[in-house]
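Peer 1: Just so you know, the sequences run in chain order L, H and X. For the first sequence, the residue numbers in our numbering are 254 to 570. For the second sequence, the residue numbers in our numbering are 254 to 570. For the third sequence, the residue numbers in our numbering are 254 to 570.
A hint or two may mislead.
Identical copies look the same in the list; a pair holds intra-copy or inter-copy alike.
[Stated by the list, open to error] SDA-like, lysine to any residue: derived pairs with alpha carbons at most 20 Å apart: (1) K540 to G302; (2) K540 to G414; (3) K269 to E425; (4) K540 to G432; (5) K552 to N424; (6) K408 to V267; (7) K290 to P423.
The hints are simulated quantities; they were obtained by calculation from the structure and are not laboratory data.
Take a look at the letters that make up each chain.
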Amino acid sequence: QSSVSIYGIVDVGVTKQNGGTTPLSGGNGVTGPGGDKWDVRQAYASRLGFRGTEDLGGGLRAGFNMEMRFMPDTGAMQGTQAFFGRSVVTFGGSAGELIMGRDYLPAFYVAIAADPFSYNGIAQMGQLHTFPGYSAADGTGPVQAVRNDNQISYKSPSMGGFTTQVAYSPNEGSRGTLGRAVGGNVEYRAGALYAGVGFDQTRNNGTGHDPRLLVATMAYDFGGVRPILGYGRGRSALLDDSVDVSLGLNVTAGPGVIHALAARLNPPGDNNTLVKYGLGYEYFLSKRTSLYADVASAKKQALTTTTGFDTGVTLRF
Amino acid sequence: QSSVSIYGIVDVGVTKQNGGTTPLSGGNGVTGPGGDKWDVRQAYASRLGFRGTEDLGGGLRAGFNMEMRFMPDTGAMQGTQAFFGRSVVTFGGSAGELIMGRDYLPAFYVAIAADPFSYNGIAQMGQLHTFPGYSAADGTGPVQAVRNDNQISYKSPSMGGFTTQVAYSPNEGSRGTLGRAVGGNVEYRAGALYAGVGFDQTRNNGTGHDPRLLVATMAYDFGGVRPILGYGRGRSALLDDSVDVSLGLNVTAGPGVIHALAARLNPPGDNNTLVKYGLGYEYFLSKRTSLYADVASAKKQALTTTTGFDTGVTLRF
Amino acid sequence: QSSVSIYGIVDVGVTKQNGGTTPLSGGNGVTGPGGDKWDVRQAYASRLGFRGTEDLGGGLRAGFNMEMRFMPDTGAMQGTQAFFGRSVVTFGGSAGELIMGRDYLPAFYVAIAADPFSYNGIAQMGQLHTFPGYSAADGTGPVQAVRNDNQISYKSPSMGGFTTQVAYSPNEGSRGTLGRAVGGNVEYRAGALYAGVGFDQTRNNGTGHDPRLLVATMAYDFGGVRPILGYGRGRSALLDDSVDVSLGLNVTAGPGVIHALAARLNPPGDNNTLVKYGLGYEYFLSKRTSLYADVASAKKQALTTTTGFDTGVTLRF
Chain L
254 QSSVSIYGIV
264 DVGVTKQNGG
274 TTPLSGGNGV
284 TGPGGDKWDV
294 RQAYASRLGF
304 RGTEDLGGGL
314 RAGFNMEMRF
324 MPDTGAMQGT
334 QAFFGRSVVT
344 FGGSAGELIM
354 GRDYLPAFYV
364 AIAADPFSYN
374 GIAQMGQLHT
384 FPGYSAADGT
394 GPVQAVRNDN
404 QISYKSPSMG
414 GFTTQVAYSP
424 NEGSRGTLGR
434 AVGGNVEYRA
444 GALYAGVGFD
454 QTRNNGTGHD
464 PRLLVATMAY
474 DFGGVRPILG
484 YGRGRSALLD
494 DSVDVSLGLN
504 VTAGPGVIHA
514 LAARLNPPGD
524 NNTLVKYGLG
534 YEYFLSKRTS
544 LYADVASAKK
554 QALTTTTGFD
564 TGVTLRF
Chain H
254 QSSVSIYGIV
264 DVGVTKQNGG
274 TTPLSGGNGV
284 TGPGGDKWDV
294 RQAYASRLGF
304 RGTEDLGGGL
314 RAGFNMEMRF
324 MPDTGAMQGT
334 QAFFGRSVVT
344 FGGSAGELIM
354 GRDYLPAFYV
364 AIAADPFSYN
374 GIAQMGQLHT
384 FPGYSAADGT
394 GPVQAVRNDN
404 QISYKSPSMG
414 GFTTQVAYSP
424 NEGSRGTLGR
434 AVGGNVEYRA
444 GALYAGVGFD
454 QTRNNGTGHD
464 PRLLVATMAY
474 DFGGVRPILG
484 YGRGRSALLD
494 DSVDVSLGLN
504 VTAGPGVIHA
514 LAARLNPPGD
524 NNTLVKYGLG
534 YEYFLSKRTS
544 LYADVASAKK
554 QALTTTTGFD
564 TGVTLRF
Chain X
254 QSSVSIYGIV
264 DVGVTKQNGG
274 TTPLSGGNGV
284 TGPGGDKWDV
294 RQAYASRLGF
304 RGTEDLGGGL
314 RAGFNMEMRF
324 MPDTGAMQGT
334 QAFFGRSVVT
344 FGGSAGELIM
354 GRDYLPAFYV
364 AIAADPFSYN
374 GIAQMGQLHT
384 FPGYSAADGT
394 GPVQAVRNDN
404 QISYKSPSMG
414 GFTTQVAYSP
424 NEGSRGTLGR
434 AVGGNVEYRA
444 GALYAGVGFD
454 QTRNNGTGHD
464 PRLLVATMAY
474 DFGGVRPILG
484 YGRGRSALLD
494 DSVDVSLGLN
504 VTAGPGVIHA
514 LAARLNPPGD
524 NNTLVKYGLG
534 YEYFLSKRTS
544 LYADVASAKK
554 QALTTTTGFD
564 TGVTLRF
């Protein structure tokens, strides 16, 4: 009678950085300079999820998805929530779907599509580059994450390759200085082509202007060689926009994929441009289990170069 | 070989109240005046549970039930426990069952039976009305919830329609000013008739008298029209009892149920009587999935009227 | 498609001690003098786990295991981690296995083999006796638990009855004054004989010497009567070793097992020797469900004797 299915990812690896002062974002759990030493970390965000869908007849369906995130090297939960990753009810049919609860911003799907590492491992673009200026990572404003609590969104069905999603989160007290958020995306998928545009805007309670974000991604698969162009522009408490441009590459190579990346983040002000390069290979031992190794290097003007390495194993179930 | 089954409820909805000063108890997660704005909330308490039973032969069986509660709008756990809802081992057979762990007070089952909304949504009676004076909701005493940690109870089999449950929780240090608790119920089910009486008594460490509760519920199903009479009397730190009387109604209407409610809570003292009215409809899209909409209004003497509304979707699995 | 399996143990019982001042270690959740009263507790550490293995072909396999620990009497999690019990990825084949994440020290397996109660219930040896001096339980040093975060270990296959495991945990910041840890074991199993030796050493940041542990266990099954000899020697902040010697006994008796124990812990210094006696019976109602009752008595020089009792039911799934 039970109709819940359990899924997840568990990933454990090791990482090492040199002692550079540039934060090597993402980075297998390491979000700042890690010092010159080995750490046990994860590249993929480990998770344990519960989901189900019910066909209600007449084209209607209802579903749920609760996803816990955790650190496999310590067993600790990510965040303070039981279901940091996602906690939603979905309801809809051929005319589209309502998604209600804790969920990703629509702009997130366009942002992660720009990252050839899909936000995994030390060489990833991550939120720092793909949400430029919109998080506090390179600004001084309130932190807007890639997910919102209390989000209600509508996601359209695919219409000639196009889908769109619009989302709203009311200003509930738990958001602190962040007020209500609105966001949306338009994505196009046709054969080898992907193109997407996303935006988000958060009310910044108590200051005169509102944080906002615009992201755009385009990719084309030339038969196993897939370049990705990424562009992002955003700001939080700062009056001027941060801008990120990136070129990514995924290349099918044997039973695996090569990921490569060059990204340049230009925050407001002088002498703080950040450039990151990343290269990695993920080798699939099976459809569900892979080994990976990544190298990354980042340099912010006025700081010293940080280089890092990670390797590990990822299991999906 | 594994014999655990997973079950749950996930519910997300929206709610809005006016700015009245009377607390609109229950209320889709809103426990006080919410101000004149929309919130994303839940009506049903969302949960994820694990349970199993083993037949030991000779009429004996053993079982377990651990139930996590969470807020789907944020993914946060309810309470600080992993298993806020229930965490018990059961052991017994034809002569009845021992239930050990974190569990509902016996009086809870009689109390929730008085609420035509079954403690769900903004129009519910909730603990405020069904445990009158026994929680701090309208008193100044220690908070006795509807569950106790460390409870050991015996639940009888049905004998001619009668069942009884008696429970004891020792005074372990984690209960603060609340000491050991004893409670019990007697319930009668015969055809269309339900009648139940429950009591609970908690030792109030350090003051001269002990919190206590008496609840009684009667309901009769006149072919789809089911009126419910509820009565409760209790006190915590106050020397006099709070008294609640209620009239509820459940009416089968199409593929759904109408819930209606009038409840009057009379705490000790003058000019603080609280009257609540509720009306709701739950529409079943399938056996497991329903849509609901509720309206409620409450007025406490000396405070202004609060009215509220909620609507959402509930999935069971 | 999902290949995760769920397993667990749930145990609830009651325990009572007299008011002796000697800490009755282990003890059904009671880690110190409990006073002269009844408590609802657990003997077996209750858990809910998720695990899976994938055959990768060519003799390779990958697996995962996340295990939550909780207190069934309150529903609370043990520790602050989601997966206090274990959180690992395993990877290997016929040449042995890498185990990465939060896991038991190799010495733990030898230590728990010395305890006829397997760390369960009030009469257990527990960490106090089996990790003598290595935890703060009888010393003043940093607390080294039986598990390490960030552990990477290699476990050999069985070679003529011998297996070995070696482990390393880097000095990540979360360990406080504890630095990197190294440990290992060698175990031999042949017919009725078990013999094992384990060691562990932790860098004690900021003091002049490092905590270290040596444990050895031997057991032989004389047809249902299985004596166990245990020896442990260790220290944390103290300059001298604590030494524990123990004699345990497991006797098959009807559909159950008798556990008996005498252990003597001799910390550095005078007049602080601790002697513990334990006796228990576990009665299996089925392969998965058992009833147990244990009595224990412990006396530390200069303190008064503590005696205690527990009884309860254990379910495995």
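Peer 1: Tell me the numbers of any earlier hints that the structure contravenes, in ascending order.
Peer 2: 2, 4 and 5
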